[in-house]
Amino acid sequence: MSTLQAQPLRAEASAPAPVDYRRARRAETRSGYFFLAPWLIGFLLLTAGPMLASLYLAFTDYNLFRDPKWIGLENFEKLFNDSRYLQSVKVTLIYVLVGTPVKLAAALAVALLLNSGRKAQGFYRSAFYAPSLIGASVSIAIVWKALFSDGGIVDLGMTGMGFQPGGWVGDPDKTMPMMILLATWQFGAPMVIFLAGLKQVPRELYEAASVDGAGALRRFWSITVPMLSPVIFFNLLLETINAFQVFASAFIISGGAGGPAGSTLFYTLYLYIRGFGDARMGYASAMAWVLAVVIGLITWVMFRTSKGWVHYSGETK
Amino acid sequence: MSTATSTATAAPLTDQRRPTPPAPRRQDGARARSLMVHALSLVILAVVLYPLLWMVMSSLKPTNQIIGDPSLLPTEASLDNYRTALAGIGGISAWTFARNSLFLAVVSVIGTVLSSAVTAYAFARIEFAGRKLWFALMIGTLLLPFHVLIIPQYIVFNKLGLINTFVPLLIGKFLAAEAFFIFLMVQFMRNLPRELDEAARIDGCGHVRIFISIMLPLMRPAIITTSIFAFIWSWNDFLGPLLYLNDPEKYPLPLALRLFVDQTSVSDYGAMIAMSVLALVPVMLFFFLFQRYLVDGVATQGLKG
Numbered sequence: 001m002s003t004l005q006a007q008p009l010r011a012e013a014s015a016p017a018p019v020d021y022r023r024a025r026r027a028e029t030r031s032g033y034f035f036l037a038p039w040l041i042g043f044l045l046l047t048a049g050p051m052l053a054s055l056y057l058a059f060t061d062y063n064l065f066r067d068p069k070w071i072g073l074e075n076f077e078k079l080f081n082d083s084r085y086l087q088s089v090k091v092t093l094i095y096v097l098v099g100t101p102v103k104l105a106a107a108l109a110v111a112l113l114l115n116s117g118r119k120a121q122g123f124y125r126s127a128f129y130a131p132s133l134i135g136a137s138v139s140i141a142i143v144w145k146a147l148f149s150d151g152g153i154v155d156l157g158m159t160g161m162g163f164q165p166g167g168w169v170g171d172p173d174k175t176m177p178m179m180i181l182l183a184t185w186q187f188g189a190p191m192v193i194f195l196a197g198l199k200q201v202p203r204e205l206y207e208a209a210s211v212d213g214a215g216a217l218r219r220f221w222s223i224t225v226p227m228l229s230p231v232i233f234f235n236l237l238l239e240t241i242n243a244f245q246v247f248a249s250a251f252i253i254s255g256g257a258g259g260p261a262g263s264t265l266f267y268t269l270y271l272y273i274r275g276f277g278d279a280r281m282g283y284a285s286a287m288a289w290v291l292a293v294v295i296g297l298i299t300w301v302m303f304r305t306s307k308g309w310v311h312y313s314g315e316t317k
Numbered sequence: 001m002s003t004a005t006s007t008a009t010a011a012p013l014t015d016q017r018r019p020t021p022p023a024p025r026r027q028d029g030a031r032a033r034s035l036m037v038h039a040l041s042l043v044i045l046a047v048v049l050y051p052l053l054w055m056v057m058s059s060l061k062p063t064n065q066i067i068g069d070p071s072l073l074p075t076e077a078s079l080d081n082y083r084t085a086l087a088g089i090g091g092i093s094a095w096t097f098a099r100n101s102l103f104l105a106v107v108s109v110i111g112t113v114l115s116s117a118v119t120a121y122a123f124a125r126i127e128f129a130g131r132k133l134w135f136a137l138m139i140g141t142l143l144l145p146f147h148v149l150i151i152p153q154y155i156v157f158n159k160l161g162l163i164n165t166f167v168p169l170l171i172g173k174f175l176a177a178e179a180f181f182i183f184l185m186v187q188f189m190r191n192l193p194r195e196l197d198e199a200a201r202i203d204g205c206g207h208v209r210i211f212i213s214i215m216l217p218l219m220r221p222a223i224i225t226t227s228i229f230a231f232i233w234s235w236n237d238f239l240g241p242l243l244y245l246n247d248p249e250k251y252p253l254p255l256a257l258r259l260f261v262d263q264t265s266v267s268d269y270g271a272m273i274a275m276s277v278l279a280l281v282p283v284m285l286f287f288f289l290f291q292r293y294l295v296d297g298v299a300t301q302g303l304k305g
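Residue numbers (this note's numbering), protein chains in the order written: chain L, 1 to 317; chain Y, 1 to 305.
None of these hints come from the bench; they were simulated from the model.
Mixed in with the good hints, there may be bad ones.
[As the list claims (entries may be wrong)] Mimicking DSS-like on lysine-lysine, the simulated pairs with C-alpha atoms at most 27 Å apart in a straight line are:
(1) K250/Y <-> K159/Y
(2) K307/L <-> K250/Y
(3) K307/L <-> K199/L
(4) K90/L <-> K78/L
(5) K69/L <-> K159/Y
(6) K174/L <-> K90/L
These numbers come from a predicted model, not from an experiment.
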């Protein structure tokens, strides 16, 4: 109804067909924004607005109680002299750079295993996926802490195998392996994606390669990896971004402090401590933006380099 | 948990009874390989399930036998830990925490499904000016670390006096803040035949009619997947409640668990583990009932857990 009222007079003068077309298009646009409204409001108020606000706050001294005071680049300068901040960068980078490849390697290995035998594949697929659903929960963090604590199961097992006794939770050298094991335990989600990708690889390729005398390793590098490269890329991107955001497990295992000796002081945890513990919200915003820029750069580099190693064949997406 | 173990043993058995197709020459090799695959899969299964089994079994043991006891089976099983856990913390019953969690999760599901479906319809079925730009921005939010948002969002909710209410935890769900679900639904809708809505348009239906009476019923699988994930994500969420809630009466289970951790340290490991089990029960229930939807959702859309 409103379509008729909004129709400008000038349009009526021109030929009838384009008018109908234009009117229809305008009506479509109106419907489009009607349906888009909830997301658009959310995007502007909960995403775009806060992003700009935190960009501004990153250049201020702000603690919720006083008005933000513009201090230019001071927050960023402080960051690079803050040893705890540098520690959190180190911890997070090790976690991302070691943990993500380990987790993806486990996911790919198990996907290849399940793909080679078809029996009961569905059952294993579901069972292996279960940890991905609950791995980031507080419950599992508590279990992990208990398993790896002093005199816990892992300690007993390792001592039994002749290693130095001692819990992993309290040893700054062992907390990182413990956190990476927790991440690796959740290999199920990328594994399911790898499996879906493996299903798309035509069997004839392997058969032809076997006829030509290619061994299992050769078939893996020359067929599986290139055919799977879009899926590998997707998993790598997703898991890298997720790894930057680990929070609840580190918080619970270290009691919110990032210890021992800062060995579980993940980026998110330190940001929480500065922003909400010390109410240094300008400083924390600067931290958040450094992270956003780093993640943006990593994504950009991954997309740029992907042209060299990701192969998109015709019908497999 | 018992369901898990029973299906674990049942599935391979039924499979083995199935006659193997005749493949004369390669049969022995194929059988040996299949056995290998099974053996390896079982080993991995044991590693994957061990922490969960350990958790359930430990919850039945007395506190002083939990940490250093390598055997899974409790010498004398008792539900004492569950009694302590259900009694709650600081005079607040565990049911209060569970009720808060359930309320947050159910409202999250409703909000997420409604807002994501409407948004997905706009992107998948309406040719409006600016669609490509908004779609690209929507996909871009998938890559955005939440850190850049939490501080200003907190400041705003603080100014509005909404700290210690459920509003900051729920409002985003009604505004389709989780781009994953929009993406999932858009992909699903794009696969539905366009002839359906074109026929309806010729019959004079507007977009609202088409959306409600044609699309929504057809989107059931996508709606189910979205609902389950929205429920589980809300149920497991820790950071949101940690930031916005400070009255223990309003705590959902993950925050209550943290209270347990802080207040009891080593003294009552048993109750803490029992509470951890209880907090996972709904998630595991969903997992057993809807594993197809969950795993297929991951396989097709790359949704994570």
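### Violations among the numbered hints
2
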